[in-house]
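Trainee: Protein sequence lines correspond, in order, to chains A and B.
Under this note's numbering, the first residue of the first sequence carries the number 226, and numbering increases by one thereafter.
Under this note's numbering, the first residue of the second sequence carries the number 109, and numbering increases by one thereafter.
Zero decoy hints are in this set.
Here are the computed lysine to aspartate or glutamate pairs in the EDC-like style, where the Cα-Cα straight-line distance is at most 20 Å: (1) B:K244 <-> B:E212; (2) B:K215 <-> A:D241; (3) B:K138 <-> A:E258; (4) B:K215 <-> A:E239; (5) B:K157 <-> B:E261; (6) A:K311 <-> A:E487; (7) B:K215 <-> A:E342; (8) B:K244 <-> B:D221.
Covered, in the sense of this in silico footprint (three residues per stretch, anywhere, with C-beta under 8 Å from a C-beta of chain B), are these stretches of chain A: (9) 247 to 258; (10) 328 to 334; (11) 343 to 354.
Hints were generated in silico from the structure; no laboratory data involved.
We put the CB at the ideal spot given by N, CA and C, even for glycine.
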Amino acid sequence: MTYGVKELVAGLAEADGVVRTRAAGRLMTALVERPDAHRELLEALQVAMPPRPALVLGVTGAPGVGKSTLVDALVANVLRRLPELKIAIVAVDPTSPFTGGAVLGDRVRMMRLALEERVFIRSLATRGELGGVCRAVPGVLAAAKLWGADLAIVETVGVGQSEIEIARHADRTCVVMAPGLGDGVQWLKAGLMEVADVFIVNKSERDGADALVAQLTSAVALAARGLRRRLRANTSSAPLPKLPPIMAVSAELGRGIDALAEVFGLGGPLSLHTSSTTENATHAQS
Amino acid sequence: MSEKSSYTPNEVPEFWLPAGGYDPAPSLTKRRRILIGKPGLDGHDRGAKYVAQILRDAGHEVIYTGIRRTPEQIVAAAVQEDVDAIGLSLLSGSHNVLFARVFELLKARQADDILLFGGGVIPADDVDRLLALGVKAIFTPGTPAAEIISRVEQMLGERACP
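The shape of chain A in the complex, shown without the other chains (with noise of 0.2 Å):
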């Protein structure tokens, strides 16, 4: 099989799977590869703007609290929900600033996911990129539409404080923490937590959590004092944006899965609670 942009557009056309498949992580290496496969990526198929899931998700937050156990743990929960649903991971992991190489682990999370047809998971590295994420998204995401991704989530290389770059690429942020990481001074901090669109306390089942929870109940409520103070100031009239809701999960025990699901399905594009509750009816019925 060839790198040609035009050749993988016709094979993401096929029916057959394992040729779509193929041609779908061909054209994501042409994309992440050579720059000008995106002019042609738009020719071949003869658009203005490149195709993209209907709904991108980013998940970021800092190493270790459980960025890509998550992501596994909310995949296998939707593709239970919505059997039509094709769902596109792409992970990003850091490129040595040294060498240029760089190990893509997070895959070693999701292997249960590896033989899912309806999931198509792409690592990434940063290639020198200090936000978080790296410039070869937007052209994954569009290689992952084409493939048949109707929803996307995009998990960055654990991040500090500033990166923020994902909240370009997302639709939704959520950005992932757990217990042991800091008081409530550092919920106070500019960047990473002013593009939070969820806010997902992870290992809940551990000491710490429920603090957590409260400490960053208050420093969302304190920073919605300003934003209305702020707002009133300029129109009245303004609609108050809603804040972001903290949700406690454990994605190694699956808890607090079902919710966090629905949260992206309320306000969504993809509406998955109303899908998934309408399917329960139908059940009901029959």
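Please arrange chain B on chain A, whose structure you already have, making use of the hints.
Mentor: Structure of chain B alone, referenced to chain A:
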């Protein structure tokens, strides 16, 4: 492994490069994607991790799948990641069966252009048999890092890149 690392003081990246970032790899034709996996039931992953690390330090992107994977999982991952090569580490004695199965699956998924190499505790007779099967190289215990890197890069140099 320091004897054959691609890192030299002259190649230290410019950390203060303005917006737009930098690409620390010398050239796109050099950097390859390699999947390192451990099929079968033995859990001795030190060799696999070591090879992953030396290939990383040689400037490649290494996808590590972890231990106790099936050939099906490894091949599915290799296709999605579009790797140039798969390296399998086996210390369980089941190398003849598992390499053959990986070959079979690669063919079924139209991905038999992905190169296959391996390593582990593999008797000399079986090494010959695996090479005859189409495995590009087998690295048995004691192979120097420099040799692994140069032979993997040599086999990858013959493969087309995007």
